[in-house]
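Chemist: Sequence:
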Amino acid sequence: MDLFDFTDNVKKTAPLADRMRPVDLSEVLGQKHILSKGSLLFRAIEADMLGSCIFFGPAGTGKSTLASLIAKKTGGLSIKLNAVSSGVADAKAAIEDGRKNKSMYKKKTYLILDECHRWSKAQSDSILAAVEEGLIILLGTTTENPYASLTPAIVSRCRIFQLQPLSYADVMEGIKRASIDIERGLGSLGVDVNEEGLIQFAYSASGDMRNALNGLELAALTTPAGSDGRITIDKKIASESMQTKAISMDQSLYYDMLSALCKSLRGSNPSASLYWGMRLLESGCDPLVVARRVVAHASEDVGMADSNALLIAIASYESVKNLGIPEGRLALSHAIIYVANAPKSNAVCLAMGEAIKDAQSTANNNVPSYLRDRNYKTPDDDDTPYKYPHAYPNEKIEQEYMPKELAGKNYFNEKLI
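Residue numbers for the sequence shown follow my numbering, beginning at -8 and rising by one.
Worth flagging that the hints you see were computed from the coordinates, not collected in a lab.
Given the structure is predicted, the values throughout are model-derived calculations rather than measurements.
The reader is advised that the hints may include incorrect statements.
Across the chosen pairs, the derived CB separations fall in these ranges [as the list claims (entries may be wrong)]:
1. Ala287 with Lys400: 32 to 42 Å
2. Ala35 with Phe403: 24 to 34 Å
3. Ile316 with Thr369: 18 to 28 Å
4. Pro380 with Ser94: 24 to 34 Å
5. Thr375 with Ser158: 26 to 36 Å
6. Ile408 with Asp88: 36 to 46 Å
Straight line, CA to CA, 30 Å or less: simulated DSS-like cross-link-like pairs of lysine-lysine [said to hold, decoys possible]:
7. Lys348 with Lys312
8. Lys63 with Lys227
9. Lys406 with Lys23
10. Lys112 with Lys63
11. Lys98 with Lys112
12. Lys71 with Lys99
13. Lys64 with Lys28
14. Lys83 with Lys23
15. Lys112 with Lys99
16. Lys387 with Lys368
17. Lys368 with Lys335
18. Lys71 with Lys28
19. Lys28 with Lys112
20. Lys335 with Lys312
21. Lys406 with Lys348
22. Lys368 with Lys112
23. Lys64 with Lys167
24. Lys406 with Lys254
25. Lys71 with Lys254
26. Lys97 with Lys63
Quick reminder that beta carbons are idealized off the backbone N, C-alpha and C, glycines included.
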């Protein structure tokens, strides 16, 4: 067997999710909000003018695939690293390759860095100069919010693009492709996934294409063929392969049940809230999805009327995350009942909305001189003193904390509590 035969065999025995990775931008499922023909990202790729980017979003939405496709489409050299297992030495080697590639071949070098949030400040800082000089173009991928998990220096040098979980239709399309594709998929096995099986895969995948394809591959390889030689995958088989329970549902029921949970929490009905929460879990919904909604409503609908609701909701989220199901179900039920029973106030939600509007429309306002960091001086500093509240009676003193354009502005309405 020669090298080419060996490489071909490796590709054929790779997991289905890896074999079915898109080989062209036209094959990418979902993400129309950033990849439609009129979008910034699409135009930049087509014009070969894309700079360093960070792609963030849930697992299985195509972040690494998109980064690889960009490097391939523009004809540049791509170097792929994983932040978990790479360090400064690997970064320096990539930079040196980029330097040679630029000077000798006049080509771009893309550094595709998976799990980029795992790099330390020192590791991130090691590539800053190379990114600015254009020796490498960073294409980072992460499941974490880059504004919170990456160093500001890296974020400021990158465009940030958020990928969304795939829709039911996207996942079902991916399942169909994989089941009929002869070269990369399961077409040669004679796999038929009926409509209910497609819906079950899509529902159970929670927007994760990799998860859905892993389930499909397991179902196809463990299901015997019928008398006609075809492998038929129905709702029951799909559910077993995804380790979830099949229930009667259609394409929109998942979102309807989430909506019912949210409205029941807001409407102070603990029984209905608990029912919809447990119905979602029994349907195969990711428990963390339910826990996240409870956390959100603890601030959105309860807020300052009972701040303990947020603490209990967060505790339940951590319990579900660390203990899993069934143990985490008790803590989640505790939080659902508490948030539903708690007094309600949307004052926090309203205040946040108003603050966001002002932050977006007045983003260039300077910080008042007396509120700035006193470790350095700027030319427009004045002599207005900062009044240290602890030096005054009742440890409180009136002074303006807003920029002058928003002086006196009040977002939080205590009367709504």
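Chemist: For every hint, state whether the structure bears it out.
Modeler: Checked hints:
no., hint, verdict
1, Ala287 with Lys400: 32 to 42 Å, "26 Å, violated"
2, Ala35 with Phe403: 24 to 34 Å, "41 Å, violated"
3, Ile316 with Thr369: 18 to 28 Å, "54 Å, violated"
4, Pro380 with Ser94: 24 to 34 Å, "59 Å, violated"
5, Thr375 with Ser158: 26 to 36 Å, "54 Å, violated"
6, Ile408 with Asp88: 36 to 46 Å, "59 Å, violated"
7, Lys348 with Lys312, "33 Å, violated"
8, Lys63 with Lys227, "40 Å, violated"
9, Lys406 with Lys23, "42 Å, violated"
10, Lys112 with Lys63, "29 Å, holds"
11, Lys98 with Lys112, "28 Å, holds"
12, Lys71 with Lys99, "14 Å, holds"
13, Lys64 with Lys28, "16 Å, holds"
14, Lys83 with Lys23, "35 Å, violated"
15, Lys112 with Lys99, "25 Å, holds"
16, Lys387 with Lys368, "27 Å, holds"
17, Lys368 with Lys335, "46 Å, violated"
18, Lys71 with Lys28, "27 Å, holds"
19, Lys28 with Lys112, "36 Å, violated"
20, Lys335 with Lys312, "27 Å, holds"
21, Lys406 with Lys348, "21 Å, holds"
22, Lys368 with Lys112, "26 Å, holds"
23, Lys64 with Lys167, "26 Å, holds"
24, Lys406 with Lys254, "23 Å, holds"
25, Lys71 with Lys254, "45 Å, violated"
26, Lys97 with Lys63, "16 Å, holds"
Going down the numbered hints, you'll see the structure goes against 1, 2, 3, 4, 5, 6, 7, 8, 9, 14, 17, 19 and 25, while the others check out.
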